[in-house]
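Participant: The chain contents come next:
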Amino acid sequence: MIKQTVKILNRHGLHTRPATMLVTTTARFKSEIFLTYKGVRVNAKSILGVLVLAVEPDAEVTLDANGSDEKEALAALVELVANKFNTE
Amino acid sequence: MKVVKGIRISPGIVIGPVYFFTPGKEAIPQSYIAETEADGELEKFKRAADSAAGELEQVRALVLKHLDEDHARLIDAQLIALTDVDLVQEVTDLVRREHRNILWAYCSAMERYEKALVNSFNQFQQERMIDLHDVKKRIIHHLSTQGEYTIPQMREPAIYVSDRVSPSEMIHIHNQNTTGIITKFGGIDSHAGILARAFGIPYISNVAEIELIGTAREVILDADHEKVILAVTPAVLQEYQCKIRELEKRKQHLESQAAPAVSKNGVPVEILLNAGFAAEIKAVNPELIGGIGLFRTEYLCIERNDVPNEEEQFQAYRDVVIALKGKPATFRTFDFGREKMMAILDLEMFQKDAVFDTWGGIRFCLDNPWLLNAQLRALLRASHFGPLKIMFPLVTNPAEIRAVLEIYRQVQTDLKNEGYEFAAVIPLGAMIETKSILDELEELTGLLDFFSIGTNDLALFLLGSKRTDTVTKNYYHPMIFQAINRIAAVTRIKSFPVTVCGEMASDPYAVLGLLALGLRSFSMSASALITITDLVRTVNLKQVGSLQESLLSAVSAMRIYDLLRDYQQRNQKSKPHNQT
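Order-wise, the sequence lines are chains A and B. Residues in the first sequence are numbered consecutively from 34, following this note's numbering. Residues in the second sequence are numbered consecutively from 165, following this note's numbering.
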């Protein structure tokens, strides 16, 4: 398993649009991927789970991936977060 | 006794039992299944999700075509949520381990997420939040056999009480003989509000304590005084029963002498009706009106959640024309604004978005010429059965009208070649309701036969207020009065016909102001016909003209409102004296 902590740069945090982009990205990978925020760890392939976290702007979250394509998955997600989920 | 206040959307008073509608929460059967049935239940869910996904794909395609990728992503969120991995896992557990039926399992799993989401999001996120309500409604709809959990089912005539009422729900409850409506949300210019006035159903919104009212046995809904009375004492009940009888008597009396509307100094004023549903036309006595000034054709689509084909449209228009017995009907071509599209699709998620205000109207029809072509064909064919006029919504420049006229002439040629009969001359007009068209009025008079002022959208474009948010009456604003005065001036010089057809024409004080500006033709909802006809009879048009100058120099909506109210109150006081 590998993990990395990233900062959410979107103006309004992880709301519907970025969460949608996150989930469509995680769905492309075979690995199990989780998102941890304020000590709560949720399945990053579940949009409802991600939305319930209500991640605020500038918050730090930890992504972890476990599986055959974990490296590619984590790299893709880190880039997505840095690009504000291509939504702003 | 307890009184709860609200805001009047549609006038009237009614006493009766309530019907409390809480979509999705209602009577979900909490029954257990046998272990062997689990696979079948989960299969049902899979099929329901597939059907719902099919619908959302269609919505997505429409949104992508007419809005943009950014908005389509909100639909993507709903698509993903339909088969969310965690949700499906939870539903599966509830079915397999706890042996709950699928509907119960799904609703309880969703409820947990709904609660968590509502609690955790800030104001901005709330507005742009995933529309889980819509997702849930679709799944429940496909899991139930007769829509029994998503459509209101009133067993007896009652007052409908709910958080909100959508246009399609409005049609259901109207058919179920609802006697009144009380909601927490909903503005005076909302489409459900327009329908309530058209159907003559008393309605107040912005009412707190909906749950309390919803569980009451009997209430008094006094929309005229913007309140609901609970735990009614016998004395008050009796008082209200008297009031209702008096109102009924007064209404019958006025109806018996309603038409024609002639001012006190003998000038005829045209009183027309706004309509959009076949059911409304049946309730109309053509003797009482000068015709239909605005027939909202897009409501045919709301009724069936779909665009009717040429033949269906032809039959609908023909029936309207025949029912009017020789009085002219003015049909407005499909006006699919952003909000109307949302209303038709029952999607509320984009309603607060300001980006797409000017999207829609005639532009939409020109972008989809097959739509306009079929509609014009249907209208021309209907013109063989009685007088009709056609007008085009949300015109922003004369080029749009030239493009429409080209299609119109082509339709005439086609129909002639196909051997159809239709009226040789059909008056064509434009809705004047955008800012940019106000500078092109002279040119438009050369292309068309009449104007119709849509005050709802005009206020929206000039003042930037939103239809659904609008509780206050924004048409008293000085900018609106000045714009209307400009339209009146241009048309007066050329004796060019002009009608006012927004909600403004249903408001007595506002109509007084319009009469002062020289307008002589008004199209309104059915609930206003008698009041406005009555008003016209009490007004001396020569005298009211003296108000014009002060109206046009007023600097605030409040000032305009005060001027009109004071004038009318003086006028009413002097009425008995003048009659003797």
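A couple of the hints might just be wrong.
As the list claims (entries may be wrong) - Sample of chain B residues lacking proximity to chain A, with all beta carbon distances greater than 10 Å (derived): (1) ARG237; (2) LEU238; (3) ASP240; (4) ALA241; (5) LEU251; (6) TYR277; (7) ALA280; (8) LYS599.
Unchecked claim - List of simulated lysine-lysine pairs, PhoX-like, C-alpha gap at most 25 Å: (9) LYS210(B) <-> LYS63(A); (10) LYS104(A) <-> LYS117(A); (11) LYS71(A) <-> LYS279(B).
No wet-lab data here; the hints were simulated from the structure. Glycine is no exception: its CB is placed at the ideal position from the N, C-alpha and C atoms.
Participant: Looking at the structure, which of the earlier hints fail to hold?
Facilitator: Hints 1, 2, 3, 4, 5, 6 and 7 not satisfied by this model.
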